Amino acid sequence: MTHDVLLFLAVFLACTVEGVEAVTIVLAVGITHGWRSAWTGVGVALIVLTAFVAVLGPALTALPINVLRLVVGGLLLVFGLQWLRKAILRASGFKALHDEDAIFAEEIADLRAVPVQRTGIDPFGFTVSFKGVLLEGLEVAFIVVTFGSNQHNVPLAVIAALAAVILVVIAGAAAHRPLSQVPENTLKYAVGVMLTSFGIFWGTEGAGGSWPGQDAAIPVLIAFTLLTSLGLVSVLRRRHAQLAAAGSRAGAPR
Amino acid sequence: MSRLRAFVAFLYEFIVGDDPMIAVVVVIALGLAAALADGGTAVWWVLPLAVASVLAWSVLRASRR
Numbered sequence: 000m001t002h003d004v005l006l007f008l009a010v011f012l013a014c015t016v017e018g019v020e021a022v023t024i025v026l027a028v029g030i031t032h033g034w035r036s037a038w039t040g041v042g043v044a045l046i047v048l049t050a051f052v053a054v055l056g057p058a059l060t061a062l063p064i065n066v067l068r069l070v071v072g073g074l075l076l077v078f079g080l081q082w083l084r085k086a087i088l089r090a091s092g093f094k095a096l097h098d099e100d101a102i103f104a105e106e107i108a109d110l111r112a113v114p115v116q117r118t119g120i121d122p123f124g125f126t127v128s129f130k131g132v133l134l135e136g137l138e139v140a141f142i143v144v145t146f147g148s149n150q151h152n153v154p155l156a157v158i159a160a161l162a163a164v165i166l167v168v169i170a171g172a173a174a175h176r177p178l179s180q181v182p183e184n185t186l187k188y189a190v191g192v193m194l195t196s197f198g199i200f201w202g203t204e205g206a207g208g209s210w211p212g213q214d215a216a217i218p219v220l221i222a223f224t225l226l227t228s229l230g231l232v233s234v235l236r237r238r239h240a241q242l243a244a245a246g247s248r249a250g251a252p253r
Numbered sequence: 000m001s002r003l004r005a006f007v008a009f010l011y012e013f014i015v016g017d018d019p020m021i022a023v024v025v026v027i028a029l030g031l032a033a034a035l036a037d038g039g040t041a042v043w044w045v046l047p048l049a050v051a052s053v054l055a056w057s058v059l060r061a062s063r064r
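These protein sequences, in sequence, are chains A and B. Note that numbering that gives the first Met the number 0 gives residue 188 to position 189 of the first sequence, counting from 1, and the numbers run on in steps of one. Note that numbering that gives the first Met the number 0 gives residue 4 to position 5 of the second sequence, counting from 1, and the numbers run on in steps of one.
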């Protein structure tokens, strides 16, 4: 039960974050190169992503449980730690925060520089929309497949992903501008913590170990990962402030 | 050939990302946990320790660049 709730939450949050980024790209394409090419790109990308999940999900589920947990645990750890690393660097000021409005303005400027084909589907608009949705969606598909197969509940992971997609698409269609109100940086941080914590849990079980308290170890691991990362944010923030102070002293007129 | 190379580069970027040392430490830690578990030792501490260490090392290194 705990696993299922956390599985739903992790996939839903990851999908919301990636969905917000995809909406920014599709909106920019729709406004500059027409909605027909933008929506066609979205449709084809969703078909490819569905095929990815449909093929890889059952293939992974067929693996022996310990091998599956070792592989999935390892992949989630590598993947989750990368998300968490970026989130820590963003939260401490060493990496720029993700700003959908700025990205949208940049996308619009780039897309307007390319001539639009007035009849039929605009190939450039289609390609940008297709690639945008596919690349953002691949991370979600990966999370759906790894979480879902390990829990032997790919359908629940798919439902979580679909719920997030529907929510983001409705919000994007209603707002008709980038969803910059969504606390994307915080969501990315939360997803990084969850992927890493589940990676630790499943990786250990896959390696042949067991957890004191079994499933009760999962919330403890989430707290451990969160506290470790918050500690690192605190250390790096101090370091960032020291560097900024040293920089302003060096730049001050004597 | 260039498409294959581009695909491999994409996969590497997609899974390994900015810091390859994270992937290296994860693989070593999983191998160590498997070896210790095979010998009957409790291994629940191996991955949390590896994660905390490599994460700290990676972000501190990035902050010094």
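The reader is advised that the hints may include incorrect statements.
Unchecked claim - Have a look at the derived ranges for each label pair, beta carbon to beta carbon:
no.	chain 1	residue 1	chain 2	residue 2	range
1	A	P122	B	T40	34 to 44 Å
2	B	R4	A	V4	41 to 51 Å
3	A	L62	B	V23	15 to 25 Å
4	B	E12	A	A170	27 to 37 Å
5	B	I27	A	Q116	20 to 30 Å
6	A	A108	B	W44	27 to 37 Å
7	A	G42	B	L48	41 to 51 Å
8	B	A34	A	L134	16 to 26 Å
9	B	T40	A	D100	29 to 39 Å
10	A	V47	B	E12	14 to 24 Å
11	A	G230	B	W44	12 to 22 Å
12	A	D214	B	A34	36 to 46 Å
Stated by the list, open to error - Residues from chain A that keep clear of chain B, each with C-beta distances beyond 12 Å, as calculated:
no.	residue
13	G42
14	L69
15	L88
16	T118
17	E138
18	G202
Said to hold, decoys possible - Computed footprint of chain B on chain A, listed as stretches where at least three residues anywhere in the stretch have a Cβ under 8 Å from a Cβ of chain B:
no.	segment
19	1 to 12
20	70 to 78
21	220 to 229
22	235 to 249
Think of the hints as simulated: they come from the structure by calculation, not from any bench. Treat the numbers as computed from the prediction; the structure is a model and nothing was measured. The C-beta atom is built at its ideal place from N, Cα and C for all residues, glycine as well.
Task: Interface-negative label, E138/A against chain B, beta-carbon threshold 12 Å - done: E138/A is in fact no farther than 12 Å from some Cβ atom of chain B, at 8 Å.
Task: T40/B versus D100/A beta-carbon gap, inside 29 to 39 Å or not - done: violated (52 Å)
Task: Distance restraint evaluation - E12/B, A170/A, Cβ atoms, bounds 27 to 37 Å - done: Check passed, 29 Å falls within 27 to 37 Å.
- [ ] Mind checking the hinted window 36 to 46 Å against the Cβ distance between D214/A and A34/B?
- [x] violated (25 Å)
Task: Whether the CB-CB distance between G42/A and L48/B falls inside 41 to 51 Å - done: Check passed, 46 Å falls within 41 to 51 Å.
Open item on the list: Confirm or reject: G202/A is not an interface residue toward chain B, with every Cβ-Cβ distance exceeding 12 Å.
Closed with: Contrary to the label, G202/A does not stay out of reach of chain B, its closest Cβ about 5 Å off (not over 12 Å).
Task: Per-stretch coverage check for the segment 220 to 229 of chain A, three Cβ contacts closer than 8 Å to chain B - done: Three-residue rule met by the segment 220 to 229 of chain A, so holds; n is 5.
Task: C-beta pair R4/B, V4/A: status relative to the range 41 to 51 Å that was hinted - done: Between R4/B and V4/A, where Cβ atoms are some 42 Å apart, the hint holds.
- [ ] Against chain B, does T118/A hold up as non-interface, every C-beta pair farther apart than 12 Å?
- [x] With a cut-off of 12 Å, T118/A remains clear of chain B, as the shortest Cβ separation is near 30 Å.
TODO: Just tell me: holds or violated, for the beta carbon distance of L62/A and V23/B against 15 to 25 Å?
DONE: holds (24 Å)
Task: Distance restraint hint 20 to 30 Å, applied to the beta-carbon atoms of I27/B and Q116/A - done: At 52 Å between Cβs, range violated.
Open item on the list: Over 12 Å from every CB of chain B: does L88/A meet that, or does the non-interface label fail?
Closed with: Violated: least Cβ distance 6 Å, not greater than 12 Å.
Violation of the numbered hints given earlier is confined to hints 1, 5, 6, 8, 9, 12, 14, 15, 17, 18 and 19; the remaining hints are satisfied by the structure.
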